[in-house]
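These two chains come separately, so use the hints to put the complex back together.
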Amino acid sequence: MKPRFRQSMGWLHTWAGFAFAWLLFFIFVTGSAGYFENEIDRWMMPEIAVVNKPIDDFSVLTSAEQQLDTLAADATQWYISYPTGRDPYIGISWLQPANAELGTARQWHKKFLSPDTGNTITARKTSGGETLYRLHYNLHYVPVLIGYLVTSLATLFMLIGLVTGVIIHKKIFIEFFTFRKGKGLRSWLDIHNVFSVLPLPFHLMITYSGLILLMGVSFFPVIDNTYGVSKKMHRQFYDESQVEDKQQQIIDLNTTELSLKAILTDAKARYENQNVSYLGLIDRNTEQPGFEVWFEGDEGLEFATLMTYRMVNGQVQLEKSLGKAHSAAKVYDILEHLHEGLFADIYLRWLYFISGLLGAAMIASGMIIWVKKRQKQQTIFINLIDRLNAAVIVGLPIAIAGYFWSNRLLPLAMVNRAAWEVHSLFIVFAACICFCAVSSTDKVWKSMLWIAAIAYALLPLGNILTTEHSLLASAQNSDWLMLGFDLIMLLFAACFALAAALIKNKDNKTVQA
Amino acid sequence: MNFTTKHLITFNVTCRVLIALVGGYLLSALSAVLIATHLPGDKINSIITGLMCTFIIYTLTVIFVFAAKTTLRAGIGVLVPCLLVYCFNHYFNGISV
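Read top to bottom, the protein sequences are chains A and B.
Residues 1 to 513 in this note's numbering are what the first sequence spells out, letter by letter.
Residues 1001 to 1097 in this note's numbering are what the second sequence spells out, letter by letter.
One or more of the hints may lead you astray.
What the hints assert, rightly or not - Just so you have them, the derived chain A footprint on chain B, three or more residues with Cβ under 8 Å:
#1 1029-1041
#2 1048-1055
#3 1058-1069
These are calculated hints, taken from the structure and not from any lab test.
It should be emphasised that the depicted structure is a prediction, and the values quoted were computed from it without experimental measurement.
Note that CB positions come from ideal geometry on N, CA and C, so glycine has one too.
Chain B with its partners taken away, still in its complex shape (with noise of 0.2 Å):
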């Protein structure tokens, strides 16, 4: 291993982790407005089941992250997502997260 593949490697590394934290919580988190607006009935039992979601995606979001080919496709895995529930928040209930 030389020195530059050492470094590519850490590079990588940092990417991942970066994006499997910050990008697992806005994945989550907007997941959880969109579970929150959009679940018929009750709005605190709708919130609170949002809530209860968010460790979950959280969790299958870094699993995805950390188990996909390249980095810059666990980018973009995370990335499209978030903005697709971005927008049909944004969209569908004039909410700017």
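For reference, chain A alone in the conformation it holds in the complex (with noise of 0.2 Å):
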């Protein structure tokens, strides 16, 4: 492209890091929310009742079993959650097998119980932060094969970034501990590059990983052409690699047919100083039935690991997965579980998020740096881009604020509740967009980031008068996802603040230089 390779990586890097840069900010903030979708949850189901007293893991067996057996007779899958640190909430779920004769579909149903009486409590319909995660590989509007194709190329174009990115820095580890204060583009390139170096292993990990995650899809015909072509052959590949080694052994339980509560005794024999988090009952409807015991503190890097009890020719056997039978199906899980990081403790879990909000940084700054170096041209479509990268760049945060809205603005009787939850954050994104195409250049993005402040510090308030969550309640009531979720909500708020008001000195040196 260039004379020189550092020049053509140069222009590699900003071309190819400008092609999809809104898509990746999305995928970015989206996919970091995904590390927290469990306390997202929380927040969304205000009606959940927190555990927040020592239990006795037998009588909500009990209990459990009692909604079931009415709400679930004829389901295939029974699964009782007990509370843990992230879920410290007592859930049941079962998988519906589909019914002709009503014409319902195959469904997993959850309910969650009061710890004190034992029975349901309905919680009110949302997407949750399930929902919101998947946004970052599904694109939610477009068909499911686009969505992982489309954002596989944009991922694509991030490694490409990257690789270029650190060619063609020659000082990386310099570079990293430099910031020139109020040089206009060079105090961007130095906060670009800030946010580039710090996290780059993980940017490189999730970049590297999602788009192994997606091989299957982006890079089928390398399956038809080694494996078989057609769906069939490829579902074939996928159950083959996915196949475990496992470990089984009989064991002396004294009984002659298995249930929940003996297994639970015996787990609880074998592994003292472990939680339960899991008990399941699969094949309900089959001569053998499994019972399954997960246990909180075994979720490692490496696998999730179950115990299974079976009743085989009238003794009991206990089988325990061992991981992937194949050694690249064990690379690809752990560069899965790096990506999903649902391993990750609370602190790890926090340095995922900031690592994946750097990441979105990073990709911000760079466009605001596309945007400065042509900034002098003052054409229009130079402007639009810097009217666009507000909208997408502060947008994105308001529309997701928005979600969170929306659930607490919407009727709870409403149909497509849910749906329309989703709905809300593009319709909110959206108005943004239009909002910045209207606006005055020179205050768009202040009023933008002031707008971000107002909606995240008022979402607090917004909990106290639609339920009874303040945050004085969730404090005495031990109820720290609620309460934490609120206080980060202000933490948002606060940092958007903080951006609005630097943005107004800033402007005022530009305007002095």
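Rendered as structure tokens:
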């Protein structure tokens, strides 16, 4: 492209970054939110009762089984979830098989139980944290295949941007410690370096593992040509690569018929120091139902392990998974777990979240630099990009605040309530774009930042007005997730307000200079 | 910069983008097939390994295409390895990609 290698790479870095910058920003922000999926769920279902005192695992089991007996008599799978650090409540879920007479499809159901009475609690219909983080690879409104392909392509551009970014930096280590304040473009470049270099290992890991997660879709012709063409063969390929090594042993359990109670007693005796996170009953409608026990502490980086009890020829067989059978599948698993961060404790989880936001900030600062370098041209196109930058970089957080607001404001009995929460997110996003298109160029960033600050600052207030969860009540009730969420919203508001205030000073400086 | 050079640059850039994206995809998919069929051992393992290499090959190809001195060189530099890998796959395994 250019006479020198580094110049060519500079060109590629600029344009590969520019091509998908807004989509990548969207992917990084919604994906980062996914690290707090359960915590967002808690906030979006304020009706759930938090377990804030020690409970007896067996009495929980009794009331859960009673509920499942009445609600899910013909379900094929039952799960009972015990309170854990991230999900401090009691839940039941079941897989309802398809019913031809009623015309209902095979579907998972989930309900929460009150720790005091054992009765079910009906939580509001919500899309929750799951739909929010799924946006980062399914793009919601497009067919799922298109969503996968477009996000994969964007992620490839991200990888190219990262590699070329490393190539064009001569003194990557020194530049990391350099920040020249109040120097316009130079300052933005320094900021871009800090956001990129510090979390570079994270950026590379998350980008590469993201590509790997969807490689079966984006490079499906490779499977076609080596394993077999057709959907059925692809299915078989996935099934075969998912095969796990298992350790099986016959145990002496004094019983002729297994029950959840019997296996809970046995599992507790085997692992005295572990907290049970799930009890499961699978293949209920078969001759040989399986009884599963999951432990909270067992969810390591390599694999989440569980124990399955089954009756085999009148004896009790205990089975433990040892991870994927194929070594390449093991590597895939590790990359997947690194990407999803499900194993992370609270501190590492925060590190994941902050690194993800730094990635978003890296993309945002890159886009701002792109505009700053061309601002002297004063063309309509550059001006438009500048406005759209504001609409995406600040508008997306506002849209996510809109998503949270819709959870509190939409009527509880509304039809398709959960779907309308997601629609609200995109309606607010579209409104932000319209706002940025018409407001004056000098003020657009500042007004957007103030709107974001207000939208987040008022969320805890909205929570108090629409539910009984005030900051004080959450603290008294040891409802740390609710309290934490509200406080983080205030922190976000403060950050946006600070940015709005700083931008004013900066503009004054440019005027003086 | 006169009218024609500007158009020439646009043409060159478009060509390189196409070579990088389409050629890069072809080369990485063909290489993945090569790895998947020739890596000794379990078939599933080889296919997953091949797939996991694709994005590294893709990225390196894109970098090569934009680093090449001329667009023609970039095109040849991608086309020739593609043909080589294709022929290898075709004649040694009877695979027609």
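Each hint, compared with the structure:
1. 1029-1041: Result for this restraint: holds, n = 5.
2. 1048-1055: holds (count 7)
3. 1058-1069: Our answer is that it holds, as 6 residues pass the Cβ test (under 8 Å) against chain A, meeting three.
The structure is consistent with each of the numbered hints, conforming to all of them.
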